[in-house]
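Trainee: All chains should be modelled from the sequences, with the hints used to inform the complete structure.
Going down the list, the sequences are from chains A and B.
As numbered in the working numbering, residues 2 to 411 make up the first sequence, in order.
As numbered in the working numbering, residues 1293 to 1609 make up the second sequence, in order.
Rather than coming from a laboratory, the hints here were simulated on the basis of the structure.
Here a beta-carbon is modelled for each residue, glycine too, at the ideal position from N, C-alpha and C.
Be aware that one or more of the hints could be misleading.
Stated by the list, open to error - FRET-style restraints, in silico, Cβ to Cβ:
no.	chain 1	residue 1	chain 2	residue 2	range
1	B	1299	A	372	31 to 37 Å
2	A	81	B	1572	26 to 32 Å
3	A	203	B	1358	37 to 43 Å
4	B	1397	A	25	46 to 52 Å
5	A	372	B	1425	24 to 30 Å
6	B	1355	A	200	45 to 51 Å
7	A	392	B	1294	34 to 40 Å
8	B	1296	A	392	30 to 36 Å
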Amino acid sequence: MKFAIKAVAASVILVSAGGAFAQKGETVKIAWLDPLSGLMAAVGTNQLKSFQFLAEEFNKKNAAGVKFEIIGIDNKLSPQETTSALRSAMDQGARYVVQGNGSGPALAIIDALEKHNARNPGKEVLFLNYAAVDPDLTNSKCSYWHFRLDADTSMKMEALTTYMKDLPEVKKVYLINQNYSHGHQVSKFAKDMMKRKRPDVQFVGDDLHPLAQVRDFSPYIAKIKASGADSVITGNWGSDLALLIKAANDAGLNNVNFYTYYGSVTGSPTAMGAAAAGRVYMAAYAHMNLPGPLNQIVLDYKKKFNDDMYTGAVYHAFSMLSEGFAKAKSTDPVKVAAVLEGMKFKSFNGEVEMRKADHQLQQGLFISKWEKAGGKYPLDSEGTGYTFVPVKYYEPYVASTPTSCQMKRP
Amino acid sequence: MNPEFFVISTLNGVSYGLLLFMLSSGLTLIFSMMGVLNFAHTSFYMLGAYIAYTISSVVGFWPALVLAPLLVGAMGALFERYSLRRVHKFGHVPELLVTFGLSYLILELVQLVWGRSTVPYGLPTQLQGPLFTLYGTQFPRSRSFVMLVALLMLVSVWLLLTRTRIGLVIQAALKHPEMVEALGHNVPRVFMLVFGGGAALAGLAGVIGGNTYVTEPAMAASVGSIIFVVVVVGGMGSLAGAFLASLLIGLVQTFAVAIDYSLASALQGMGVAVSEATFGWPLLKLTVSQVAPILPYLFLVLILIFRPKGLLGTRED
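Mentor: Right under this line is the structure:
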């Protein structure tokens, strides 16, 4: 009898111990669906390398003791291609997908997962969005299976306008954006938030230009100059930002500051160079010279690929997942999703929270300024000798924006 | 619109137009001479920029300005000799397809060799900074240099074609190849020279366009469609037409950016009540500046409808 009790007790302990570390040693396949060709190929390539590099780093040591494996699939930046890429990722056994470039593909993944997860219990897939910043994704179109690790357009604009409202020299603001959903939203939030914080600020221009079509921005620069603006707010990225700043440099538009979202993304630092020093600001959740765990990673990445690792949200993805796996004691997306909701975890920029109401990560934001690298901020961007130096840090609550999400939980 | 803005915009428009001309002159040359619509033309432009970037990092920009177009021209000539000439006998569609294929090939090749991101192809010190300052706006030397080279190119190509022996042979070979061949000239070689020359012109545009703007794998695609507009609007195969069309498109685009009127505001000006509830509001509220980059394509369609031979074209078909 005694032996039987002992045996039962031992087996209970064993089972629970086994349960506690059930996820240990498991391999977690993460499908990366972003462009490796076309317009955004350079950005996509950089980010895929970031994911692969950080997977290796986290495989050495992570809270859950799991192994990460990245499956990179080119989605050609198109929602349709994304859906078939998602299909093929699921066929390869991926239960987690990450995507970031463009809200269109992000929405396609959300739609597909809503259907897939409802129809295939036991085969659910989670979506970590590391850079698609359309606020709709965590508001009117929010989904239980979607978790956003970047700060959305409204949060970044909240930080940017909070910074700008304290600058007395900001009197006339010019908006120039790409003519698609992201650009429209930057323009809309800039106007709304500025009106609320500094009603005296005038908007002297609100231009929308086609995405990645404009070679020569000098007409726009002439227009900005003629408008008498002292600040430009732009959500442009890629060559649209690079050429805009380059045209401003060429025309000697020295008395206008540029407030940007994507100043550090591939291509822009090279175009800005020394000529733009002190005139370009960026609102982001990270910068090149963050102390802590990211610093070594940025250095090693540079050494290995001779490229900048500027997508800090990739780090969020791995730290959140390993923390979530450890807490859920499982790598099953359903259990993990339940744990991730409202979870607070440590990432490279302090403690962050995955807000339960809408699955938008609440994190602090930096306003940084394009300056000569050195001193406390030695790491430069794209070997230019210049870097985004933080001038202001906003705690998560400052940049936090309300949500209208009516989350449907399974 | 104040005079200061007008002058600056005119300068911007003319300089952009001249860059377009540099890009399209080679294309129109090849088309008028050989009847080949070269889809890979802007790929040669991109190659020019990348090769100049590599050469200039070794021996400096000025030697690259000469060497890179020569190299690109040689590549173009080789392509004509070993690929285009073989498919020539099958007609125009295979020719079109082979240049189309080539454009993809060059794009992938460029990405393999130089990577997918922007390369730091900078201006030489002599071209940095402003040439002059007008009403507080600087006019960069790099753009002035683009204008100068484009004008030199126009004059020299025109002189070459009309005033030299080889030019006359080229012109004759295009209209009456059998006759010229009978006179003892090597017509296939003339074609090879024309194609190589056109590619070299595109390469030259790349050498100075690459550092005036940015050198990246997307640079070919981003100008690919606009130069076809230039060639069609100017008149297929007319060098002077291409020149006129380039300037026109450059100016139209530049000035359109400045106009913030939309159909809605025009209707409101006429006393018609227009609001967000009006049918077609998303279309009505588009301002001219928003559609500025699309205007050239509208222009293309209108020209094809009303004057298919182009502004200065001679062919009626």
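Trainee: Quick check: does the Cβ-Cβ distance between residue 81 of chain A and residue 1572 of chain B fall within 26 to 32 Å?
Mentor: Cβ of residue 81 of chain A to Cβ of residue 1572 of chain B: about 28 Å, so the range 26 to 32 Å holds.
Trainee: Kindly confirm whether 37 to 43 Å is satisfied by the beta carbon distance between residue 203 of chain A and residue 1358 of chain B.
Mentor: violated, 51 Å
Trainee: Indicate whether the distance between the beta carbons of residue 1296 of chain B and residue 392 of chain A respects the range 30 to 36 Å.
Mentor: holds, 34 Å
Trainee: In this structure, is the beta-carbon distance linking residue 392 of chain A and residue 1294 of chain B contained in 34 to 40 Å?
Mentor: holds, 36 Å
Trainee: For the range 24 to 30 Å, tell me whether the beta carbons of residue 372 of chain A and residue 1425 of chain B fit it or not.
Mentor: holds, 26 Å
Trainee: Confirm or reject the claim that residue 1299 of chain B and residue 372 of chain A have a C-beta distance inside 31 to 37 Å.
Mentor: holds, 34 Å
Trainee: Using the beta carbons of residue 1355 of chain B and residue 200 of chain A, state whether their distance is inside 45 to 51 Å or not.
Mentor: 58 Å Cβ-Cβ, so the 45 to 51 Å window is violated.
Trainee: Taking 46 to 52 Å as the stated bounds, is the beta-carbon spacing between residue 1397 of chain B and residue 25 of chain A within them?
Mentor: Cβ of residue 1397 of chain B to Cβ of residue 25 of chain A: about 49 Å, so the range 46 to 52 Å holds.
The structure fails hints 3 and 6 (numbered hints given earlier, in ascending order).
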